[in-house]
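Student: Here is what each chain is made of, one letter per residue.
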Amino acid sequence: MRGVVVIGALALVAAGCGSDKKKAADTTVAAETSVAAAETTVAAPETSVAAPETTAAAAAAAPETTVAGAASAGANLKKVKLQLQWVTQAQFAGYFAAVDQGFYKALGLDVEIKEGGVDIVPQNELAQGNVDYAVSWVPKALASREGGANITDVAQIFQRSGTLQVSWKDSNITGPADLKGKKVGNWGFGNEYELFAGMTKAAIDPSKDVTLVQQQFDMQALLKREIDAAQAMRYNEYAQMLEAKDPKTGKLHTADQLNVIDWNDQGTAMLQDALWANTDKLKDAAYQDQTVKFIKGSMQGWIFCRDNAAKCVDIVVAKGSKLGKSHQAWQMNEINKLIWPSPGGIGLIDKALWDQTVQVAQNTKNAEGKTVLTKAPDATAYDNTYAQKALDEWKAAGVDVIGSGFAPATVTLNEGGA
Amino acid sequence: MKAGGVKRIALGLSGFVAMAATWELYKAIDGKLGPWHFPAHADDASMPHLLTIGRRFLQPEVRDRPGTVLQAVISGSWYTFRVAVVGLALGAMIGLLLAVVMERFRLLERAWLPYIVLSQTVPLIALAPLISGWGGGLRIGSLHWRPWMSVAAMAAYLSFFPVAVGALRGLQSPQAHHEDLMRSYAASWGQTLWKLRLPAAVPYLIPALQLAAASSIVGAIVSEISIGAKGGVGRLILDYFQRASGDPAQVYTAFIGAALLGLVTVGLIKALEKLLMRNRAAPGLHP
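Protein sequence lines correspond, in order, to chains A and B.
Under the working numbering, the residue at position 60 of the first sequence is numbered 60, and the numbers go up by one with no gaps.
Under the working numbering, the residue at position 287 of the second sequence is numbered 287, and the numbers go up by one with no gaps.
The shape of chain B in the complex, shown without the other chains (with noise of 0.2 angstroms):
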């Protein structure tokens, strides 16, 4: 067991490695092999050394101010890391409640799974903006709609779908003598949800977490940049990108944090995926 940690960890990071190696064999081959050029740029400014980018992090972010890329760049990580997590844990909830629903009932199923689907034709860019613009004049009491509320509406529009479609067919998939079992000790359909549709489910919605996982950070980094929300990753990715002529590293630092939030995240939904299936026999042998 401790063998095969060691060598995924070693899998992983060589994975890694050929990445950067490739990265830098394009550039440093790119123009040599003749008086051509690859079709994609090789040039420093448009593929910065990877020792530039790295040497870029732990520079200021700007000048005379303090602060380094690399705190920038967590800080962001983290800011849209806890906005996109609410916007998963919404999404997913409507996903799930949807899929009760749809369900419980099949004329609903019929009625609303279309819809569902067309939902996710929506370009996110003409959404969000929308979304932005009706929150903008929001308010709760004394709460008031703040932008990083419209990401997470964004980031749970996009999460609800894969949790919704899998959870239904989870919910679908006891068999019929599961079912007939439920019936002979009359229990009600509140109890069959819970003691047999819902632990069903459970396979079914690993999976459809993590695409929710990825699509809640696209989600939200393309809102930020879209309607321009301050503090997380995706408005770094603009502000950079300002200065990519005069300072093409720093953009990468943006992209390789976007990277690794979206790699974090589904991670922890493995990791979620360990905890809740510790008990169960492999597939292959169940009944």
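Chain A on its own, in the form it takes in the complex (with noise of 0.2 angstroms):
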């Protein structure tokens, strides 16, 4: 008899939990939709009030605003996933803010951004038809290519490398020929090729003059002087050791007390966020158009955040990252300089830095000895014919998609990022 009662509870508490779960995602859906409707009103006087460069971008806009209402109002939205690497934060405002600001929307899709996690590989995600685009590192990306991967690199959002080699000042390491001898973190999973690729140039074997230390996706070990020198993203772990207190003085570190070997620099740098498409799917015509469209919104978005840096940190703080406040301010501006000023304009793939990137993936040997791609990639990896084509609507619209006048602002960063 007893058996029985387990069961009926069991059974009585799932039925219980399950419709709770349900009102409680059903609210949130509700919840979700009535801020956006209110975000999207609030969105026409913040942009006239952007900078004299967004002006026009704002004039442009302003009449598919319009559009856009139409044809939510008709529900005529493509639907669309976008999977990120990583949770909500700064590195990704771009996105959000096209979210936020109506932009994807006023060109007739409903993006849904899909966060990472520690094992989510957005390539994947987008290879299996999980998500419709995807936003991943250039090598990262042609390794998963070249293990069966359908994937094109459609808009290359960052034209420059975020990877640093931060040591502290008294270590004198001011290139990578100083690493010699030295203990050297960094992270594997193939984050390392750029560090490895400047010590090869720099005539040091990484296997022998250098001792190896696997790191941690924090800075406690340089933090602790474990190891001389530690990989760290500009936009991240560079910023969390200003956000750390100093035991001896109390006071946070400062820029002074570290060096940086900056792989843009050295010539091994490679390629990073970039928005990738589903190679077989681009043979349909419908999914071309809407890829266009997709990453117009996108570049609407990171202009955006180019000229409202601030309004763009409170929109990914609204999304519930739980990073401080000051650490996202000083995300944003070094994603916005990763970004701007972009020479061909935003989203163009530069021949060059991807030769450079696929030179260093085919050339340069991990610990492991092992290349990130063993043979060149073909000729559908990247098609630059998608941004090409929302860049010229842009530029028809009057819009700056080069940014050559953007000056990044000074932030300045509490403790912990608060």
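Please note that the accuracy of each hint is not assured.
[As the list claims (entries may be wrong)] Computed footprint of chain B on chain A, listed as stretches where at least three residues anywhere in the stretch have a Cβ under 8 angstroms from a Cβ of chain B: (1) 118-130; (2) 238-244; (3) 292-302.
If you're looking for bench data, these hints aren't it; they were derived computationally from the structure.
Remember, it's a predicted structure, so these values are computed and weren't measured experimentally.
Yeah, the Cβ is synthetic: ideal placement off N, Cα and C, and Gly gets one too.
Both chains come to you apart, so use the hints to assemble them.
Tutor: If you want it as structure tokens, here you go:
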């Protein structure tokens, strides 16, 4: 008899939780929709407040926004899913801004942004058809491509690499050659190739001349001086150094206590955040058209974040990022530096940098003696057609897609990024 | 009885105090015994003072925004708890069903059991993104697959195993003379299951459910981290870990939340045991 009670009780619990969950989910959707609606109405005045550069963009976008109103009323929006590499943070601000400001909607797209996790591989999600587009670093995506993922780089959002090798000033590491004989932290998992290429270029054998240390995804090892140089993204881990207190002085660390090797200066940088599309689906005219629109909306989002960095930080923070506000502001500023200026226009793939990325990927051996790629990627690995089309449309509307006048802000970090 | 209760609470508390004292003692004597340090770091960035962690609970989670860390950890733990319970219920039902079928057909027991054991050797972090990917495209009517469902599925995947194995042993536990008695009544298979096997399985099910409950919490938290699903305490660990360099105490708040969550869940199963076993004779007195 009691066995029955167990099953009964469990079934009740399941039923109760099930309906509760569903309700919770429904309410969230409802809340989100109303927020989106409210935010869209807010969008108009804020766009007009923007810097002189954007006035053109605002003017161009204005008529389209009214069209969007009609389109959303008819519920004729095409659903599009974008997979990020990581959880919500300013690294992806342009996409969140494009959703928040209704830029995608104005182009007839209803974009859902899917956050990443520790084990989510965006390019696999894309190749398996779970999403329509994915954000991924070029070398990682090319490696997946060689493994059979049929994907194409359709817009190179970040024009520069954000990877640094950071060390304490008193270690006197100003260039890759100074790493000789030092304890060099690296992340592995395919994040280490710029560093290894840089050392190789400086005639250092990474397997003999340095002590390689597997680094955690934080800066504790360098903070405690267990290693001499640590890998860091300029928009994340580098900021973490400046958000940590020096136990001796009780004050935050400062940039002049640190030396930084920037792989962009060493000629071993690899392209990072790009928008990837499904190669097979790109044969389909409707998907091609949708891709141009998606890139166009994303460009508008990033242009908005260039000109309204503070507003974009607010958008990301409102999306539930737990990283502190000063950290997000720092990140937004650094991300803008990685994008702007975009000499050929935002999203356009620079052939020279692409070739450099492929060359490093093919020729640099990591600690296990592996290269990212065993052969050169084929011609469908990247395609500028769609980004060019989107750029032409923005240029025709008088929008600044190059950002040659972009001036980065100075961001002050608080303890813990708060 | 009452004195026993007080004693138990006192014992539990003293265990907690001893743990806290060990933590602070380890920090205090590190580096003081000689010119060397303990192999595991004891500095404030690796092991914040308990007072710092406690204080962190009461401070805002993100500056200039409402809500303390305590609120965030409680609401995250509550969310994970609900998802894990859905997974546990699902897993327990599947496990029980498998056990009943395997008990009925010995051939199936021999065919399935190795695979049931094998299922637990598949690493969770490999499976979670797969489930999340498969589920992403799933749509049943107006019901969309949501990330929390992937998390619940992983919790079920971990929790069905102890229930299946425990219930099978329990269902097989009646002795020959018990079964003979049922046969002498011309009881059907269903009646024998209802009146003999399932009640006999309860003492085996309770520890199995305790294991399953702990597994479901672990499964839920690991999956939340793995696929980045929002809302739960696993995601908080991930979020807070990102800030660990500058705010080491915050990670520990989420760890404490996750640990308490596991304790509470197992405690609830214990309470269920009391409820179900209240009319039973002590095992020793059983013929």
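Student: Evaluate each hint against the coordinates.
Tutor: Here is what the structure says about each hint:
no.	hint	in the structure
1	118-130	holds (count 9)
2	238-244	holds (count 4)
3	292-302	violated (count 0)
The structure fails hint 3 only (numbered hints given earlier).
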